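J.: Based on the hints, put chain F in the right spot on chain D.
For the protein sequence lines, the chains are D and F, in the order given.
110 is the number that the numbering used here gives to position 109 of the first sequence; each next residue is one higher, with no gaps.
214 is the number that the numbering used here gives to position 213 of the second sequence; each next residue is one higher, with no gaps.
Heads up, some of the hints might be wrong.
Intra- or inter-copy, both count: the list cannot distinguish identical chains.
Derived DSS-like pairs: lysine-lysine, alpha-carbon spacing no greater than 30 Å straight-line [what the hints assert, rightly or not]:
1) K189 / K19
2) K167 / K250
3) K79 / K143
4) K189 / K283
5) K260 / K283
6) K79 / K19
Bear in mind the hints are in silico, worked out from the structure with no lab data behind them.
Computed from a predicted model, the values in this text were never measured in an experiment.
For reference, the chains in residue letters:
2 protein chains.
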Amino acid sequence: MSLLAVGTVAFDDIETPKGRAEGVVGGACTYISLAASYFTAPVRIVSVVGDDFPEDALEHLRGRGVDLEGLQIKQGEKSFFWAGRYHSNFNSRDTLDTQLNVLADFNPILPESYRHSEYLMLGNLVPALQMRVLDQLAHRPKLVVLDTMNFWMDIAMDDLKAVLGKVDVLTINDEEARQLSEEHSLLKAAQVIHEMGPKTLIIKKGEHGALLFHQGEIFFAPALPLAEVIDPTGAGDTFAGGFIGWLAKTDDLSFANIKRAVIYGSAMASFCVEAFSIERLKTLTPAMIQTRVRQFADLVHFQL
Amino acid sequence: MSLLAVGTVAFDDIETPKGRAEGVVGGACTYISLAASYFTAPVRIVSVVGDDFPEDALEHLRGRGVDLEGLQIKQGEKSFFWAGRYHSNFNSRDTLDTQLNVLADFNPILPESYRHSEYLMLGNLVPALQMRVLDQLAHRPKLVVLDTMNFWMDIAMDDLKAVLGKVDVLTINDEEARQLSEEHSLLKAAQVIHEMGPKTLIIKKGEHGALLFHQGEIFFAPALPLAEVIDPTGAGDTFAGGFIGWLAKTDDLSFANIKRAVIYGSAMASFCVEAFSIERLKTLTPAMIQTRVRQFADLVHFQL
Numbered sequence: 002m003s004l005l006a007v008g009t010v011a012f013d014d015i016e017t018p019k020g021r022a023e024g025v026v027g028g029a030c031t032y033i034s035l036a037a038s039y040f041t042a043p044v045r046i047v048s049v050v051g052d053d054f055p056e057d058a059l060e061h062l063r064g065r066g067v068d069l070e071g072l073q074i075k076q077g078e079k080s081f082f083w084a085g086r087y088h089s090n091f092n093s094r095d096t097l098d099t100q101l102n103v104l105a106d107f108n109p110i111l112p113e114s115y116r117h118s119e120y121l122m123l124g125n126l127v128p129a130l131q132m133r134v135l136d137q138l139a140h141r142p143k144l145v146v147l148d149t150m151n152f153w154m155d156i157a158m159d160d161l162k163a164v165l166g167k168v169d170v171l172t173i174n175d176e177e178a179r180q181l182s183e184e185h186s187l188l189k190a191a192q193v194i195h196e197m198g199p200k201t202l203i204i205k206k207g208e209h210g211a212l213l214f215h216q217g218e219i220f221f222a223p224a225l226p227l228a229e230v231i232d233p234t235g236a237g238d239t240f241a242g243g244f245i246g247w248l249a250k251t252d253d254l255s256f257a258n259i260k261r262a263v264i265y266g267s268a269m270a271s272f273c274v275e276a277f278s279i280e281r282l283k284t285l286t287p288a289m290i291q292t293r294v295r296q297f298a299d300l301v302h303f304q305l
Numbered sequence: 002m003s004l005l006a007v008g009t010v011a012f013d014d015i016e017t018p019k020g021r022a023e024g025v026v027g028g029a030c031t032y033i034s035l036a037a038s039y040f041t042a043p044v045r046i047v048s049v050v051g052d053d054f055p056e057d058a059l060e061h062l063r064g065r066g067v068d069l070e071g072l073q074i075k076q077g078e079k080s081f082f083w084a085g086r087y088h089s090n091f092n093s094r095d096t097l098d099t100q101l102n103v104l105a106d107f108n109p110i111l112p113e114s115y116r117h118s119e120y121l122m123l124g125n126l127v128p129a130l131q132m133r134v135l136d137q138l139a140h141r142p143k144l145v146v147l148d149t150m151n152f153w154m155d156i157a158m159d160d161l162k163a164v165l166g167k168v169d170v171l172t173i174n175d176e177e178a179r180q181l182s183e184e185h186s187l188l189k190a191a192q193v194i195h196e197m198g199p200k201t202l203i204i205k206k207g208e209h210g211a212l213l214f215h216q217g218e219i220f221f222a223p224a225l226p227l228a229e230v231i232d233p234t235g236a237g238d239t240f241a242g243g244f245i246g247w248l249a250k251t252d253d254l255s256f257a258n259i260k261r262a263v264i265y266g267s268a269m270a271s272f273c274v275e276a277f278s279i280e281r282l283k284t285l286t287p288a289m290i291q292t293r294v295r296q297f298a299d300l301v302h303f304q305l
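Here chain D stands alone, though its shape is the one from the complex (with noise of 0.2 Å):
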């Protein structure tokens, strides 16, 4: 099924503590789009570079599937761009740097064959774009799938609610989660994220897994103990390129598969962080994917 995938293709400035990574290529949509082209074709992405954002990573992407007719090349203008760095614990880290260059003003503009993609992924911007994305399409697609963050939360908290109201699954981390609902308890939070209208709800904890809630359900799912983690950036998006990417490739929008969908999210972001920027996700291959989502099921399996 058609995918179309909206969100920064930016270059990044990584500090972890395992090194450094500079003018590396980064962006919610380079990260969805590359983890859901192992699943699905075509793959189409709505974002925006410079004139300096290399050919070779356009190639790359072309050849992995990606369509990028929506992609805006602005002659003249630099590519959006973004430098921090993470602590000893890689669970937070710190923005040294944001640089909107040609995203200060981005205008999402779809192409007319992308006016019918069946799914839809709304990477992490600014609420009111990904509002202008629904718009644009023809009809409404069979899935669409949210991701924000709490910035979004803090200064534009009416227009995310207004885009919320329109998505059928939204993907936050557990103190987003917290945040959004005003809730400690996540049982709690996703009864009150529910109302605001995704009737599905995944909650990202890192390296603590993930929890589904879907229609009264809760499925929860780990993530895989490694031997070293190098660069979490974009674990998050690659996540939920691995899930629509899943979704819809198999077009089954039932709980088994969407849980199915959260374990190869799952394994696409265990990939993603064993390396710096994209760098691991371009050697992947369907066998390699398949032994990794074997590992998710060994790892949770027993009987009572």
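T.: The following block gives chain F in isolation, referenced to the frame of chain D:
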């Protein structure tokens, strides 16, 4: 199978975001023995209290089949007292007061009838005292489980390492595993800790579940999302009591059964946090416990 539990029996003052409880019954040995009493008998305890400890609390333990012959009651002295306050996220707490009282010169003495116990739970206590209990046993138990905390790593690491060399299972939290092993990756931390003695390691992560490392195998048990957490005090001890209680009941040390024991321990801990002190642990039934472990199984169930 017979189970011997060693640790504190205490009074607690507890403050959580959900309320306060003053002068309530607590202590590692109390939680361990109560939780284990739902699975196996006899449960023997070695501990110490003053003459201020309420007879009805002791009577409740006796009523649940707990053998108090090894509980020293010091006339004219006061019981161990701890006061603590949990932060709004429940994941961290401040110790407000600690009065050792009878614990200051506690010398654990095993009654003759305890010396052939088959399962041993060394609850959190001075490592040298944990060792003194081991030394009094007529033969090595089938399984020795040790719980400890960062405090002993800070001030008695040599004694802790000596006793670690003699136990089968260690239960600690994730930060303690990192401190003990000097490794950030829990996978690597487990390897280092295995070399210190315990061939089985359980890393307790509170609301994020528990990881079991056993002879090269890994198992992850989730925590159950709860509508309301009232008081986390004793959850780790209750986990340990349920864990070793299940193993003593079944007398099966296969990996499959150790995984089951982690689930039973997690289920008992999930009850513990639903009320202050030991209140919730007083009112359980085998049917309630079975219903809850079934919830744990459902929570992680998926098919690829």
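J.: The structure should be examined with respect to each hint, and the outcome stated for every one.
T.: Hint check:
{"no.": "1", "hint": "K189 / K19", "verdict": "between (37 Å within a copy, 15 Å between copies)"}
{"no.": "2", "hint": "K167 / K250", "verdict": "within (23 Å within a copy, 52 Å between copies)"}
{"no.": "3", "hint": "K79 / K143", "verdict": "neither (35 Å within a copy, 67 Å between copies)"}
{"no.": "4", "hint": "K189 / K283", "verdict": "between (39 Å within a copy, 26 Å between copies)"}
{"no.": "5", "hint": "K260 / K283", "verdict": "within (25 Å within a copy, 36 Å between copies)"}
{"no.": "6", "hint": "K79 / K19", "verdict": "within (28 Å within a copy, 51 Å between copies)"}
Going through the hint list in order, the structure does not satisfy hint 3, though it satisfies all others.
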